[in-house]
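Line by line, the protein sequences are chains A and B. The first sequence begins at 1 in the working numbering and counts up by one. The second sequence begins at 1 in the working numbering and counts up by one.
Bear in mind the hints are in silico, worked out from the structure with no lab data behind them. This one's a predicted model, so the numbers in the text were calculated from it and none came from an experiment. Be careful, since some hints might not be right.
[To be verified] Here are some chain B residues pointing at chain A (derived, C-beta under 10 Å):
hint, residue
1, Ala91
2, Gly107
3, Asn108
4, Ala112
5, Ala121
6, Gln123
[What the hints assert, rightly or not] Short derived list, chain B residues pointing at chain A, Cβ under 7 Å:
hint, residue
7, Phe100
8, Ser143
9, Gly147
All C-beta atoms in this analysis are idealised placements derived from N, C-alpha and C, irrespective of residue type, glycine included.
Each chain is listed here by its residues.
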Amino acid sequence: MAQTMKNRWAGLLLLVGILVVLALLPVLVNNYWLRVATGALMWAGLACSWNMLGGYAGYINFGHSAFFGIGAYATAILMGADFAVPFLATIPIGMIVTALFAVVIGAPTLRLRGAYFAIATWAFAEVLMQFATVVDFTGGTGGIGLPPFLNERFFYFAMFAAAVLTYFLTWLLFERSRFGLKVKALRDHEPAAEAMGINTSLVKLQTFVLSAVVASVFGSIFAYWVTFINPKSVFGGDITDQMVVMVLLGGLGSLWGPAIGGVALFFVNRLIWMYYGDTAFYIAILGAAIILVVLFLPNGIAGLFARRSGKSGSVLDTVLGRLLGSRQGGRS
Amino acid sequence: MTAQAPAPGDQPILFVRDVHKHFGGIQAAAGVDLEVGRGEIAGLIGPNGSGKSTLFNLVAGMETPDRGQILFDGHEIGGKKAYTIARLGLARTFQIPALFENMTVSGNLLAAAAEGHWHGAQQRADETLALLHLEPVANNRASDLSGGQQKLLEFGRVIMRQASLILLDEVTAGVHPNIRKIILEAIARLREQGTSFFVIEHDMEMVRNVCDRIIVMDSGRVVTSGAFEDIVQNSEVMQTYLGRPQ
Numbered sequence: 001m002a003q004t005m006k007n008r009w010a011g012l013l014l015l016v017g018i019l020v021v022l023a024l025l026p027v028l029v030n031n032y033w034l035r036v037a038t039g040a041l042m043w044a045g046l047a048c049s050w051n052m053l054g055g056y057a058g059y060i061n062f063g064h065s066a067f068f069g070i071g072a073y074a075t076a077i078l079m080g081a082d083f084a085v086p087f088l089a090t091i092p093i094g095m096i097v098t099a100l101f102a103v104v105i106g107a108p109t110l111r112l113r114g115a116y117f118a119i120a121t122w123a124f125a126e127v128l129m130q131f132a133t134v135v136d137f138t139g140g141t142g143g144i145g146l147p148p149f150l151n152e153r154f155f156y157f158a159m160f161a162a163a164v165l166t167y168f169l170t171w172l173l174f175e176r177s178r179f180g181l182k183v184k185a186l187r188d189h190e191p192a193a194e195a196m197g198i199n200t201s202l203v204k205l206q207t208f209v210l211s212a213v214v215a216s217v218f219g220s221i222f223a224y225w226v227t228f229i230n231p232k233s234v235f236g237g238d239i240t241d242q243m244v245v246m247v248l249l250g251g252l253g254s255l256w257g258p259a260i261g262g263v264a265l266f267f268v269n270r271l272i273w274m275y276y277g278d279t280a281f282y283i284a285i286l287g288a289a290i291i292l293v294v295l296f297l298p299n300g301i302a303g304l305f306a307r308r309s310g311k312s313g314s315v316l317d318t319v320l321g322r323l324l325g326s327r328q329g330g331r332s
Numbered sequence: 001m002t003a004q005a006p007a008p009g010d011q012p013i014l015f016v017r018d019v020h021k022h023f024g025g026i027q028a029a030a031g032v033d034l035e036v037g038r039g040e041i042a043g044l045i046g047p048n049g050s051g052k053s054t055l056f057n058l059v060a061g062m063e064t065p066d067r068g069q070i071l072f073d074g075h076e077i078g079g080k081k082a083y084t085i086a087r088l089g090l091a092r093t094f095q096i097p098a099l100f101e102n103m104t105v106s107g108n109l110l111a112a113a114a115e116g117h118w119h120g121a122q123q124r125a126d127e128t129l130a131l132l133h134l135e136p137v138a139n140n141r142a143s144d145l146s147g148g149q150q151k152l153l154e155f156g157r158v159i160m161r162q163a164s165l166i167l168l169d170e171v172t173a174g175v176h177p178n179i180r181k182i183i184l185e186a187i188a189r190l191r192e193q194g195t196s197f198f199v200i201e202h203d204m205e206m207v208r209n210v211c212d213r214i215i216v217m218d219s220g221r222v223v224t225s226g227a228f229e230d231i232v233q234n235s236e237v238m239q240t241y242l243g244r245p246q
């Protein structure tokens with residue numbers, strides 16, 4: 001018990017230390033590294049949003065970039081000359097639009113299990129990308145520009161605030177509330193969760209909408225930050241792929257896993273770009289990360305620091321079992 | 001058999017009439033009629049494939065009956081969602097323990113109370129851990145438990161539901177005698193508090209010691225029911241359904 005309390009205090013101190021360093025970062029590093037840190041915070045937040053459904057509920061969403069893209073396009077379109085909505089006001093509008101899409105898509109697809117759900121969500125993102133390519137109001141393949149606001153510190157703090165809020169929300173809802181118990185129960189055994197009175201359809205939909213809305217916030221900030229988006233840059237499948245690998249590497253279904261995986265892989269990405277001027281090699285790194293996790297790190301990097309009393313199983317086992325249809329639990 | 005529901009005053013906790021269910025060409029339930037009284041422990045026996053687990057699934061909302069009537073505590077529950085039935089006060093265990101494997105033992109108990117029974121859940125979880133002798137493993141992952149402990153934990157979850165009717169599907173099968181004793185004591189304690197039980201069991205010692213009445217199923221039908229002594233006197237039942245000549 002004393003050791004647990006000691007570990008808790010050590011963890012809290014570490015967290016406060018990291019937050020202080022992050023808050024002071026703009027005065028500690030130059031604009032280039034501040035931009036890298038802004039990206040790292042975005043990916044940590046996006047990976048966390050994917051983990052809400054993929055890690056906590058066990059539903060692998062291969063179309064999560066769709067919600068990032070909806071948020072990005074909502075901000076880009078609303079800030080354009082036609083509407084001239086202030087940036088901060090575009091974020092909640094993007095969230096509402098995203099939530100509506102998530103309900104319409106989630107209600108039927110969340111009835112699907114395992115690989116069928118993964119395929120359906122992947123198809124949804126592809127459809128949205130094609131749609132954004134052919135319609136006029138998105139700028140089509142040519143993309144859409146936003147009013148430039150060249151203030152690195154603003155975007156750093158915007159991503160910082162969004163990431164902190166995302167992790168706080170995740171901790172509160174998934175680690176410290178009965179909602180989190182329901183979500184994890186349905187991940188581990190859906191029929192048993194239903195037998196405990198849990199309306200799993202509703203809980204899954206709530207989780208899906210929440211994860212989508214969080215992704216849309218990062219999409220909104222991203223669009224304003226980079227001042228130009230096109231369908232590929234915000235709906236592309238590679239965006240979801242990266243989130244998935246970041247979560248797997250950091251620790252599926254854990255609170256801090258997505259942060260560890262997101263920051264680590266994004267820094268690797270930037271280092272490769274710095275030294276080679278190209279990120280093709282990064283794809284190989286992603287593949288290697290998956291192999292590493294599957295063979296040696298089922299609980300991810302975060303699992304190395306977690307106190308484990310036992311010997312068997314991991315969230316990865318449960319989720320992959322469901323995805324591949326090789327487990328009884330939770331699939332019937 | 002006429003499908004007539006009991007009068008409101010003397011309703012059994014579970015009332016099943018003429019329930020049918022088929023899977024493809026297999027008739028898993030072929031007109032099941034039975035009742036479980038309030039405060040009763042009713043045992044359900046029969047050979048493999050006789051329809052016992054299908055009946056549990058129909059009552060608990062895991063399957064929808066093709067036709068027939070299922071009343072639980074006066075509510076028509078045939079075809080209702082499992083979570084709706086659970087919220088009415090019916091809880092069940094599974095033949096193979098269906099634990100929340102990545103959660104701790106305590107987490108499993110709290111998750112069982114997360115819907116509808118949250119007030120005082122932590123205290124009840126602590127009491128349940130003590131009752132089932134699971135305190136030393138309270139913070140272990142459920143998947144790290146032994147087979148017997150997993151059965152205990154699943155039983156603990158139904159305790160957390162504060163149900164008025166508990167369906168137990170071979171809850172003592174293959175467990176150590178000490179764990180069996182813990183479960184039987186817990187059943188007795190819950191029964192004193194007014195909980196009814198409907199129990200699938202192959203262990204005839206357990207059936208004899210625990211159940212007030214035995215219901216025998218075969219080929220998707222109830223073939224007979226009565227006190228344990230009456231059932232074992234029926235040599236045809238013993239020979240055909242239990243494989244043991246009287």
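>> Hint compliance check: list the failing hint numbers for this structure, sorted ascending.
In response: 6, 9
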